[in-house]
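Novice: Sequence:
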Amino acid sequence: MNHEHLSKRLQTVAQFVPQNARLADIGSDHAYLPCHLALQGRISYALAGEVVKGPFELAQKHVAQLNLGHLITARMADGLMAVEKEDAIDTVTICGMGGDLIASILEKGKQNGKLDGVTTLITQPNVDEQHVRLWLMENHYRITDEIILEENGKIYEIIVAVFTTEKMVYTQDELTFGVFLPAQKSDVFVQKWTREIEKYDKIILSLQKANSDTRDKIDAFKAEQQRIKEIIK
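Taking the numbering used here, the leading residue of the sequence shown gets 2, the next gets one more, and so forth.
Some hints here could point you the wrong way.
Unchecked claim - Straight-line C-alpha distance at most 27 Å; calculated DSS-like pairs for lysine-lysine: (1) 186 to 223; (2) 155 to 203; (3) 109 to 168; (4) 109 to 54; (5) 155 to 193; (6) 210 to 200; (7) 200 to 168; (8) 186 to 203; (9) 193 to 9; (10) 223 to 193; (11) 168 to 193; (12) 210 to 230; (13) 218 to 168; (14) 9 to 62; (15) 223 to 234.
Because the hints were derived from the structure by calculation, they are not lab data.
My request is simple: use the sequences and hints to build the entire structure.
Specialist: Take a look at the structure:
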């Protein structure tokens, strides 16, 4: 992967970045996404945020090699702490992390005023997507798009949200499975949740072999399996 040939998941993330956005890409991975968008004339400014020195230096180097220093700034800081007021960021992308970590980055950023003026959030959690959706719901971000895709044997979800003054309310099923994905019921979506059912099968089998009383746990896992089956049927 490079700035010319993004991974499938980053290509999908890129398509949701608004034209002329002022972007903060947190955990920027060589600044591939900002560089790609800058070369396509899609953004007016980008911040490539990295928390570790090595990746930060690689992002700096990549931006310099492409002569994009007038459009892209690489900055080393923890999550959204990389954002400064004068950046006037309106769009944030956070990709390739666990959902709980993404939610904590967003929460810390919000508490420190780093999301002021941010109208669009594009996240790609590797796991625990429900943590991201819950944070969005609780912080006045309406989910407008969801994409699920498979790349190199792994399944990824991309969640796009825009700020709203309205109070958002999502059901537990929407938080877990998605606001739009269950209705679309793509092959990848069904595959993901079929894998979860199979994972629970193994856990139940292991619990059945245990000496201790595991009936309540087994019943809970079976109930979760049934919940999934109702969604993907």
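Novice: Compare the structure with each hint and give your call.
Specialist: Results of checking the hints against the structure:
no. : hint       : verdict
1   : 186 to 223 : holds (22 Å)
2   : 155 to 203 : holds (20 Å)
3   : 109 to 168 : holds (21 Å)
4   : 109 to 54  : holds (21 Å)
5   : 155 to 193 : holds (9 Å)
6   : 210 to 200 : holds (16 Å)
7   : 200 to 168 : violated (35 Å)
8   : 186 to 203 : holds (25 Å)
9   : 193 to 9   : holds (17 Å)
10  : 223 to 193 : holds (17 Å)
11  : 168 to 193 : violated (30 Å)
12  : 210 to 230 : holds (25 Å)
13  : 218 to 168 : violated (35 Å)
14  : 9 to 62    : holds (24 Å)
15  : 223 to 234 : holds (16 Å)
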